[in-house]
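Chains as they are written, first to last, in our numbering: chain X, 1 to 111; chain E, 1 to 112.
Hints were generated in silico from the structure; no laboratory data involved.
Treat the hints with care, since some could be wrong.
Claimed, not checked - Within a straight-line C-alpha distance of at most 20 Å, the following computed SDA-like cross-link-like pairs (lysine to any residue) qualify:
id : chain 1 : residue 1 : chain 2 : residue 2
1  : E       : 26        : X       : 45
2  : X       : 42        : X       : 15
3  : X       : 57        : E       : 100
4  : X       : 42        : E       : 87
To be verified - Stretches of chain E that chain X covers, calculated by requiring three or more beta carbons in the stretch to come under 8 Å of a beta carbon on chain X:
id : stretch
5  : 60-73
6  : 77-87
Glycine included, each C-beta is placed from N, C-alpha and C at the ideal position.
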Amino acid sequence: EDQVTQSPEALRLQEGESSSLNCSYTVSGLRGLFWYRQDPGKGPEFLFTLYSAGEEKEKERLKATLTKKESFLHITAPKPEDSATYLCAVQAAGGSYIPTFGRGTSLIVHP
Amino acid sequence: DAGVTQSPTHLIKTRGQQVTLRCSPKSGHDTVSWYQQALGQGPQFIFQYYEEEERQRGNFPDRFSGHQFPNYSSELNVNALLLGDSALYLCASSPLQGMGQYFGPGTRLTVT
């Protein structure tokens with residue numbers, strides 16, 4: 001069974017204090033790993049898709065990396081508007097194309 | 001280009017009632033998936049529709065049913081509502097077997 005574990009569950013940062021969120025996964029062959037941002041009461045907003053170990057993608061202050069067992073979402077010099085829950089999901093190769101989601105990391109950035 | 005849209009935004013129902021939620025996929029997408037998200041949890045897959053048929057189903061009872069129309073829009077129906085059905089219901093669309101899903105804003109269902 002595919003599993004996704006995100007850590008920490010919650011993270012509080014000061015504005016400008018860089019940090020990383022972790023997504024550990026177990027899947028029988030990875031087709032893709034996805035990162036989403038979700039604001040309270042809203043639907044998840046797609047951020048990145050990573051396909052293979054060693055791949056990196058960037059968007060503004062966010063950078064996602066992928067290894068064979070985990071992915072990191074690095075946040076550089078965060079701003080209060082980066083406060084949100086960040087969700088990770090994996091899609092297994094072959095068979096089901098349904099992604100398995102983690103429970104998310106709730107990030108709060110204080111000014 | 002309109003993204004995924006859902007209606008209504010919020011809904012309050014009483015135990016035992018039935019509810020229908022609606023979703024229009026992103027332009028160019030023909031596959032619609034429905035998720036239930038409880039507070040503090042990740043989205044849980046309910047089912048996926050393609051070509052007006054249910055292709056895959058998650059671990060949800062038969063009280064949860066759906067439909068997809070020829071224009072790819074979709075409905076989620078829940079019968080005999082329970083208090084535990086209170087959640088944010090998310091619709092996501094994608095090209096068939098495509099990578100990544102785009103989510104709508106969700107419908108907040110409260111069952112009293």
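Here's how the hints hold up against the structure:
At roughly 13 Å between alpha-carbon atoms, residue 26 of chain E and residue 45 of chain X fall within 20 Å of each other, so this suggested pair holds. The hinted pair formed by residue 42 of chain X and residue 15 of chain X fails the criterion: a straight-line CA distance of about 23 Å is larger than 20 Å. Between residue 57 of chain X and residue 100 of chain E the CA atoms are separated by roughly 15 Å; this keeps the pair inside 20 Å, and the hint holds. For a cut-off of 20 Å, the pair hint linking residue 42 of chain X to residue 87 of chain E stands: about 12 Å separates their Cα positions.
Closer than 8 Å: that is the beta-carbon criterion, and the stretch 60-73 of chain E has 0 residues meeting it against chain X, so the requirement of 3 is violated. Chain X is given as covering the stretch 77-87 of chain E, and this is violated because 0 residues of the stretch bring a CB closer than 8 Å to a CB of that chain, at least three being needed.
Violated hints, in rising order: 2, 5, 6; the structure is consistent with all others.
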